[in-house]
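**Q** Residue numbers are given in numbering that gives the first Met the number 0: position 346 of the sequence shown equals residue 345, and the series is strictly consecutive.
Think of the hints as simulated: they come from the structure by calculation, not from any bench. Yeah, the Cβ is synthetic: ideal placement off N, Cα and C, and Gly gets one too. Keep in mind that the hints are not guaranteed to be accurate.
Stated by the list, open to error - Calculated lysine-lysine pairs in the DSSO-like style (CA-CA distance at most 27 angstroms, straight line): (1) LYS282 x LYS346; (2) LYS282 x LYS267; (3) LYS23 x LYS107; (4) LYS346 x LYS281; (5) LYS208 x LYS165; (6) LYS267 x LYS346; (7) LYS286 x LYS208; (8) LYS184 x LYS207; (9) LYS277 x LYS346; (10) LYS346 x LYS107; (11) LYS165 x LYS184; (12) LYS201 x LYS165; (13) LYS267 x LYS277; (14) LYS165 x LYS107; (15) LYS19 x LYS107; (16) LYS184 x LYS208.
What the hints assert, rightly or not - Computed beta-carbon distance windows for the label pairs: (17) LEU357 x ILE26: 43 to 53 angstroms; (18) ILE340 x SER193: 49 to 59 angstroms; (19) SER195 x GLY62: 30 to 40 angstroms; (20) ALA108 x ILE74: 40 to 50 angstroms; (21) THR166 x ILE332: 49 to 59 angstroms; (22) LEU63 x ALA118: 58 to 68 angstroms; (23) LEU275 x THR337: 38 to 48 angstroms; (24) GLY62 x ARG144: 34 to 44 angstroms.
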Amino acid sequence: MQVKDYKKLVMKRINPFRVKIIDKYLIREIFFPFISLLLIFTVLIILGNIRILIDLIVNRNIGLIYIIKLFIFLIPQFIGFIIPMALFIGVITAMFRMSSDNEMTVIKASGISLYRVSASVLVFSFLCTLASLMMMLIVTPVSYRYFRDFALELIQNQAVVGLQEKTFNEITDGVVLYPNEISSKGVLDEVLISDSRNENNKKTIFAKKGRLIPGKSSYEIALMLSDGTIHIGKGLSETYRLIRFSSMTLRLDLLKKIDPSEFKPQQKMMSVDELLEKRENKKSNLKRYNSITMEIHQKFAIPFSCIVFGVVAIPFGIIFQRSGKEPGYIICIFLMLTYFIFFMAGKRLGEEGIINPLVATWSPSLIFLSIGAYLLQRVANDKSSWILEISQRITYILSSIQRRLFRKGF
């Protein structure tokens, strides 16, 4: 089909005077690959945690519905980082397809400049920025709190339901429970408890009946005992005491059995207010102070990278159409890796205090945005650039390598 035929076909759908139609068309072209990539990256995150998933199902006997809930709370913590990557590849895919089908040529021949096309892309990029910003500032801290509380609730239920009779069960650090029998209703018969939480006040408790129930908070469980005795004494030389009771409640802190660092929120999981409060306490430690400062800026810089990737993807998506899809995607991944290498290098330099944390956080985005704006201007005016020429040569080489490997049966 010739360019004139394409022009007639596309002009039926795109009228230069009805700009809303081209906006909808371009956003639709970006939206579907963007959503597909978002789902693919999410699945990859789940697969990356497949060992944890298997351990929870096989070894800890946790129901699938509870595991699904855990992942629902866990996934939003990564979405803010995934959105810019999905957008970048999505825009390149859309620009590549439209260039390959000569639609960009027809649009330009219809009097619509590349800048006008870029406006639609930037609107979509701005919406992605808002979505990523909401994830980073609001959803991630909230979802982490839900994740932590739900995980502790699971541990609490496991401590209650997972008891085994005629077995020494370590309920929490320093407390071992031995029930002779466990009824179908969860009542413990002939209970032995060793409580060594206090080295100077070790206790051995015997009770005829007992029952484990969830505590007032998800951090504890309560052991209800009846008709028993408490034996207190460190050794033969110590004073021995015997206390009888008709009923008592022993409250156990589950956090003592758990590594606190597992439930201590990382900086990226904290809200801005929490980070500001934490930073106030770290003024004497320059490295920690800079690290927290950079984390605050990253909560805004990462969403802003959606706009950066949107600008950079437009010219690269257009020039890739000459060299084939796969090499284009390789360059796309290379560009993303280059950006994040700059980003991580800036983070390291900022934490060490070599450069200002503000400059370290925002300079990669501003550098790539400047490059993207420059390339967009060159492509829009049909002018060449050494960056574009190098990119075309690389994609041509990769395309040649790909064809040779394909012929050899790889």
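**Q** Each hint: holds or not?
**A** Against the structure, the hints come out as follows:
1. LYS282 x LYS346: Holds - the C-alpha atoms of LYS346 and LYS282 are around 18 angstroms apart, at most 27 angstroms.
2. LYS282 x LYS267: 19 angstroms, holds
3. LYS23 x LYS107: 17 angstroms, holds
4. LYS346 x LYS281: At roughly 18 angstroms apart (the allowed maximum being 27 angstroms), LYS281 and LYS346 satisfy the hint.
5. LYS208 x LYS165: Within the cut-off at roughly 14 angstroms; holds.
6. LYS267 x LYS346: Holds, because 13 angstroms separates the two Cα atoms, which is no more than 27 angstroms.
7. LYS286 x LYS208: 55 angstroms, violated
8. LYS184 x LYS207: Measuring from Cα to Cα gives roughly 16 angstroms; hence the hint holds.
9. LYS277 x LYS346: 19 angstroms, holds
10. LYS346 x LYS107: 41 angstroms, violated
11. LYS165 x LYS184: 17 angstroms, holds
12. LYS201 x LYS165: The hint holds at about 22 angstroms.
13. LYS267 x LYS277: This hinted pair holds, its Cα atoms lying about 13 angstroms apart.
14. LYS165 x LYS107: Given pair LYS165, LYS107 is violated - Cα atoms ~81 angstroms apart, limit 27 angstroms.
15. LYS19 x LYS107: 16 angstroms, holds
16. LYS184 x LYS208: 12 angstroms, holds
17. LEU357 x ILE26: 43 to 53 angstroms: The hint (43 to 53 angstroms, Cβ to Cβ) is violated, given that LEU357 and ILE26 are roughly 33 angstroms apart.
18. ILE340 x SER193: 49 to 59 angstroms: About 54 angstroms separates the Cβ atoms of ILE340 and SER193, which means 49 to 59 angstroms holds.
19. SER195 x GLY62: 30 to 40 angstroms: Once the Cβ atoms are compared, 33 angstroms apart, the range 30 to 40 angstroms for GLY62 and SER195 holds.
20. ALA108 x ILE74: 40 to 50 angstroms: 44 angstroms, holds
21. THR166 x ILE332: 49 to 59 angstroms: 52 angstroms, holds
22. LEU63 x ALA118: 58 to 68 angstroms: 46 angstroms, violated
23. LEU275 x THR337: 38 to 48 angstroms: Given a distance of about 32 angstroms, which is not inside 38 to 48 angstroms, the answer is violated.
24. GLY62 x ARG144: 34 to 44 angstroms: 22 angstroms, violated
Taken one by one, the earlier hints fail for this structure at numbers 7, 10, 14, 17, 22, 23, 24, listed in ascending order.
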